[in-house]
Amino acid sequence: MEFLFYFGDVFTPINFGLLLIGTIGGLILGATPGLSPTMAVALLIPFTFQLEAAQGLILLGAAYTSTVAGGAVSAILLKIPGAPANIATTLDGHTMAQKGEGAKALQISFLASAVGGVFGVLLLIFLTPVLAQWALAFGPSHLFWLAILGVTVIGSLDSKSVVKGLLSGCIGLWLATIGFDDIMGAQRFIFHPALGGGINIIAALIGLFAIPQVITMFAKGRARNDAEVLEVQKHPISGAIAELGRNKRAMGIGTLTGSIIGLIPGVGGQIAGLVAYDQSKKFSPDRDKFGTGHPEGVIAAESANNAMVGPSLVPLLTLSIPGSPTAAVLLGGLLIHGIFPGTDLFDNHPDVAWTFINSMLIGQVLMCIFGLYVAGMAARVAQVPQSIMAAVVLGLAVFGSYSVQSSMGDVYVMASLGVMMYFLERFGFSAAPLVLGLILGPIAEANFIQGSMIANATDGMAPYFLGGGLNIFLIVVVVASVAYSGYMELRTRRYISKEEIMA
Amino acid sequence: MSDISVPRLQHIIASGAVAAVGAWVTYVSYTQQPAEAFLFPRLISTVFVVLALWTFAKACLGWTKVGSGLSGRQFANMLPGLAVALIYIFWATKGLGFYTATAIAFFILLSLYDPASHRELRSWVKRVIITAIFLAVMYGLFALLLKVYTPREIFF
Amino acid sequence: MRNVIAGAAMALLSLTGAAMADGHANYPERPIMMMVSYGAGGATDFQARIVTMTAGNEDALGMPIAILNKPGAGGRVGWNWFATQAEADGYTLAAYNIPHFIAQSIKGGVEYSADSFEPIANWGADPAVFVVAADSEMNSMDDVVTFAKDNPGKLTFSGAGLFVGHHIAALQLEKAAGVKMAYIPTKGGGAAAMKAVIAGEVMGGVNNLSDAFRAQEAGNVKILGVFDLERNEFLPDVPTLKEQGYDVDNASVNFRGVMVPKGTPQAIIDQLAETVPTMFENKRVAGKMKAGGSPMHIMNRQEVLEMWAAREETLKELLAGL
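Top to bottom, those sequences are chains A, B and C. Counting in the working numbering, the first sequence tops out at residue 503, every number present. Counting in the working numbering, the second sequence tops out at residue 156, every number present. Counting in the working numbering, the third sequence tops out at residue 322, every number present.
I should point out that these hints are in silico values taken from the structure, not numbers from a laboratory. Don't take every hint at face value.
[What the hints assert, rightly or not] Taking beta-carbon pairs under 7 angstroms as the criterion, some of the chain A residues facing chain C (in silico):
1. G139
2. G332
3. S406
By construction, the Cβ of each residue, glycine as well, lies at the ideal position given by its N, Cα and C atoms.
Same shape as in the complex, but just chain A (with noise of 0.2 angstroms):
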C-alpha cells in the first residue's frame, strides 16, 4: 500500500499542471496521423531535461497514456489509425462513423480506454515483482510461436475469405523483408531506392488505411448524395457507459489480451487491440456483425490497447529492460536524473517511482475526462462532404507519413501502397491482415533465426522449438486456431453452395 502515501505528491500545483499538459498534448498528438506514441514521448523529452525527475516523468507518462487513447480519434473519423495500435479500432469504429454514429464510438472507446488503462496500472501497482518473472519467461523460441499466433489470427480476421486472408498476411510479411537485414546486413528486395531503408511502419499503416478511403469516396464522383455524409449525431454519455455495461465480456477480453501481451518485452502494444478484437469476435455470439460498426470491437480494442501501457513498463521498471521503443525513451527521461530503474528506482528514489506511477492513474482519468469532451465536440462537426473528407485526408496523410523520419521516400511508399490497396481491396483483399504480418514479420524472423541459432549451439531445432510447456501451449492455440479457419471456411463454403442451388 505504499503508493497512498505518494498520491498528495501528484496534485501539488505544478505536477498537476504538467500532467494536464501532458494529458492534452498527448491527445493532440495522439490525433495527428504519423506521430506514434513513441514519437511523442521522445518530442518531450527535451522539455523534461529543465524539470525534476518525478515532474518529467509525469509528463512523460501522461504523454503516453493519451497519445495511445487519442490515436482512437483520427482512427474512427478518418479511418487513419495513428499507430499499430489502433488499427482493430479503425474496423468497427469507423464504420460506426459512417453510419453518424461517430461520437458514440469515440464515448465507448475513451471510456473503455480508461477502464483498461486503469486496470493496467493496477496490476503495475500491485503485481510488478510477480509479473518481472513472467514478462522473462518469453524466449524466443516462444515468441516466434507467439507471432506464428498471430498470423493465424490473419487469417481468421477476415472470415468472408480465409484464403485471401491469410495471402493478404503472406503479404504483409513479404513486405516486411524488403530492406535490408538486420542480422546479415544483406539488401533483399531493393527495387527502388525508396525501399532502401525498409517500409515504414507508420507510413504504411496511413498508406494503406487512408489511400483506398480516399480513392473509394473520388469514385462515387461529384454527385451530391446525402447518404455518404459523414454526419456526426450527438450521443449522451450516459448512453455510452450504459453500453459499456453492456459489453463486460468484450471488456473483460480486452482488459485482460492488453495487460497479458503488454507484459512480453518486443511484441508489446502493437498487436494487444488487434488480438483481443480478435478473441473477442470468436467469444461473441454475435460475431457476424463485428466489423459492421458493432460497438463490441470497438470496446475490446480500445480497452486492450490502453490496458498494456501500465504492464509494458513493468520489465522496464523492475528490471532495467526497456520492453517497447515508448519504455525506452521513458528510461531516457529516468537517466537523465541520475536514477536506473530496477531495486534503485524503488529502494532510494520511492518518491519518483510512485508519483509516477500514480500520475499514470490519474492521468486515464483526466484522458477519459479530455476524451469525452472531445467526443462532444465532434458532434458539433456536423457535416463533412466527401469532397473535403477526401482531400483533407490525402493531405493529412502526405504530411503525416512524411513527418515520421523528414523522408520523402516514405511518402512515395505510402502512396504506392495505398494505391495498390485500393485494387486489392475491391478484388476481395483485405488491409489488417497485411498490416499484422507487416507488424509481425519481423519480430518472427528475428526470434526465428536467434532461436535456431542458440538451439544449434546448445540442444537442436527440435528440443528448443517444440519443447516445454509454454511452447507447447502456443503451438495447441496455433492449431486449434488454423482449424478453426478452416472451420470457417467450410462453413461459408456450404453457405455459398446451398445460395446456389436455391438459385
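For chain A, the structure is supplied; the task is to place chains B and C on it using the hints.
Only chains B and C this time, still in chain A's reference frame:
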C-alpha cells in the same frame, strides 16, 4: 469463353498479378545470396505462392466469392482525382514544396468533387476559404508545433 | 582531354569553394539538423540529445541542433542516407558510431566508407564488457574460456547484431583465447541482448558498459571483464581482458561523435571542429552524461581522424577471415 463476365475477368487479372508477384518473390528468395539472409523469405514466399496460385485457379474457374470488382463508372469517376493525387504526391511535393503543392492539389480536388455549382461565385469563395483554413491548420500542426523540416518551397 | 576538363572543374570548384568560404562568416544562420542512425531512446540517441542541448547558447553555435532519427539495419539505413542524400551545406550533421560503420563498410553492401564522411569531434567512448547472469557459476573470464574449451561452440553469448562493437569484441575474444563460441546477434540493440542474458536464454553476453553497469546495480548481472586498454572509472573493480591474460585491445570500444558529409565547405568544418568540442565540455552536459552512466571521451578532429584510420586497419585484419 465468351461467357466470362467482366468482374470475373477482373478477378483473374488481379489474382494473376498477385500470383506473379508471389512467383517473383519466390524466385528471388531461392536464388539470391547470402542464403542465411533469405531463409525466412523462403519460408513465407513458399506459402505466399501456393496461396496465390490457389486464388488464381479459383478466379479462373469463377469460384471467387468475395470482392465486387470495379465498375466502369467508378473507374471514370476516380480517374481525375487519382491522377491529381499521384502527380501531387510523386512530383509536386518535391518540385513545388509541401505547402504550395498541398494548396494547389487540395483546391483542385475540392473543385473536382464538390457537388456545389461551378457557376456560382459563392462556391468558389467557399473552396478558397476551406483550402486556406486547411493549410493554416497543417502549417500550425506540422511546422510550428512538431517542427517538421519540409523541403524548401518554390515561391518563398 | 578528360583530365583537362576534370582539372578545370576542380579549379572552378575550388574557386567557388573559396568564394563560399567568405560567405560562411555568419554560419550558422538557421537551426542545424543532426541525424542519428538509431531509434529514439537508444544509447546513441539519448547521448546525442544531451551533448547537443547547449548548441543554442551564445558561446556554442548560437543555433539549436534538432535530432532526426533514421534507424534500421544496425545503422546502415541512416548512414547510407547521410552519404548519398544529405546536403553538404553544414546544416546536416550526423552522429557516428565507431567501429560500426567502418566494419560495415569493410563487409560491403553499403554506400559509404570512412572516406564518405568528415569527422568533427568525438564525445563519448563506451567500452564493451562481458556479462553473465547474476546467478551464473562463472566468475571470471577464465571460467568462461575454460567452459568454452571444454564445450567448443556450445557457449552461447548475445550481442547487438553483426559488425558492431559487440561482434568485434566477440571476435577478438575468440581469437585471443583460441576458442570457438556461439555468438548470438539479437535484433533490437543492447537492451534485447541484455534481456537474453538476464532471462537465461544465453549463458553470457557482450554489452555496453553503461547498460551493463545499470543492470549490475539492479542486481541482475555480473560483469566479468572490460574490452578496453584500461579499467573504467564506473567499474574500478572490474579488470580488463588484458589484465586477465587475453590480448584484446580497444578496437571494440564504441566511439560516438559528430561528423558531416564529404564536400562540406572547409571553412564550416574548421569552425565546427573548433566550437563543437568546447560545447561537449560544458559543465551541464558533463553532469547529465555522468548521471546517465554514459562515459565521456572528448577528442578533437585531428585525434578522431587518426582513430578512424587506426580502426580501419585493425578491422580489415580482423574481418578478413569472415
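So, going through the hints one by one against the coordinates:
| no. | hint | result |
| --- | --- | --- |
| 1 | G139 | holds (5 angstroms) |
| 2 | G332 | holds (4 angstroms) |
| 3 | S406 | holds (6 angstroms) |
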